[in-house]
Amino acid sequence: EIVLTQSPVTLSLSPGERATLSCRASQSVGTYLAWYQHKPGRAPRLLIYDAANRATGIPTRFSGSGSGTDFTLTISSLEPEDFAVYYCLQRGNWPRITFGQGSRLEIK
Amino acid sequence: EVRLEESGGGLVQPGGSLRLSCAVSGFTVNFNYMSWVRQVPGKGLEWISILYSGGATFYADSVNGRFTISRDTSNNTLYLQMNSLRAEDTAVYYCAREDFYLSGSYYLWFDPRGQGTLVSVSS
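Chains as they are written, first to last, in our numbering: chain A, 1 to 108; chain B, 1 to 123.
No lab work stands behind these hints: they were computed from the structure.
Among these hints, one or two may not hold up.
Below, in silico cross-link-like pairs of lysine to any residue (SDA-like), each with a Cα-Cα straight-line distance of 20 Å or less [unchecked claim]:
| hint | chain 1 | residue 1 | chain 2 | residue 2 |
| --- | --- | --- | --- | --- |
| 1 | B | K43 | A | G68 |
| 2 | A | K39 | B | G44 |
| 3 | A | K39 | B | L118 |
| 4 | B | K43 | A | A55 |
Pulled a few chain B residues facing chain A out of the computed Cβ check, cut under 7 Å [said to hold, decoys possible]:
| hint | residue |
| --- | --- |
| 5 | F31 |
| 6 | Y79 |
| 7 | F100 |
| 8 | S103 |
| 9 | F110 |
| 10 | D111 |
Ideal Cβ positions, reconstructed from N, Cα and C, are used throughout, including at glycine.
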């Protein structure tokens, strides 16, 4: 089973600052990695797929990079609505789907 | 309009059973890959099951042998039959569609208006 480890567990920043979240896979997943945003009481929202592609309707301040085992989600300038929990997800180990444990982005 | 509406959650005793439903509109459930995902309160997301368009199924180890995913094409609904429930199955359960991307992979799409359905396993 591929394990995804996210860091940091919690990140405290202010609106307008840059956020960088990391996801490390226990073995290569190629670029079959996605990022999701999850807010309390809401369904998860796909932000990035295939490591670096923004999903439909996702603002350009969200970007993804990486391949193999190391991946990054960057939010260039935080908006108030961006404070949430972020998860990475791998599809490199078909058919198993694995989520990372999540990174909480909170307002400083 | 594409919608996924989960229902069927509730309070059940350990060892009991429950069937969750995901009413699908705007697309045909049997032509798509569909999954169930859950979130234990205060913890992260966990994928638990997938149903392929061809009918094959796959489960996470944590639920394999206890949960069964299925669909009913007559009412365009996805189901999750949950048996031998444990306290650790307490969670909000979401259904999701697997969307195909040109890279050849699939990623989960959740209805933005979906809130999931809460299952509580307790005596």
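Taking the closest Cβ pair, is B/Y79 under 7 Å from chain A? 18 Å, violated
Taking only the CA atoms, is the gap from B/K43 to A/G68 under or equal to 20 Å? 26 Å, violated
Close enough to count: is the Cβ of B/S103 nearer than 7 Å to one in chain A? 5 Å, holds
Holds or violated: B/K43 and A/A55, Cα atoms, limit 20 Å. 25 Å, violated
Would the hint on B/D111 be counted as holding, given a Cβ-Cβ threshold of 7 Å to chain A? 6 Å, holds
Restraint outcome when B/F31 is required to lie within 7 Å of chain A by C-beta distance: This hint is violated: B/F31 lies away from chain A, its Cβ roughly 18 Å from the closest one there, beyond 7 Å.
Please work out if A/K39 and B/G44 have their alpha carbons no farther apart than 20 Å. Within the cut-off at roughly 12 Å; holds.
Holds or violated: is the Cβ of B/F110 closer than 7 Å to a Cβ in chain A? 4 Å, holds
For the pair supplied as a hint, A/K39 and B/L118, is the alpha-carbon distance within the 20 Å limit? 16 Å, holds
Does B/F100 hold up as a contact with chain A if the rule is Cβ-Cβ below 7 Å? 11 Å, violated
Comparing the model with each numbered hint stated earlier shows that hints 1, 4, 5, 6, 7 do not hold.
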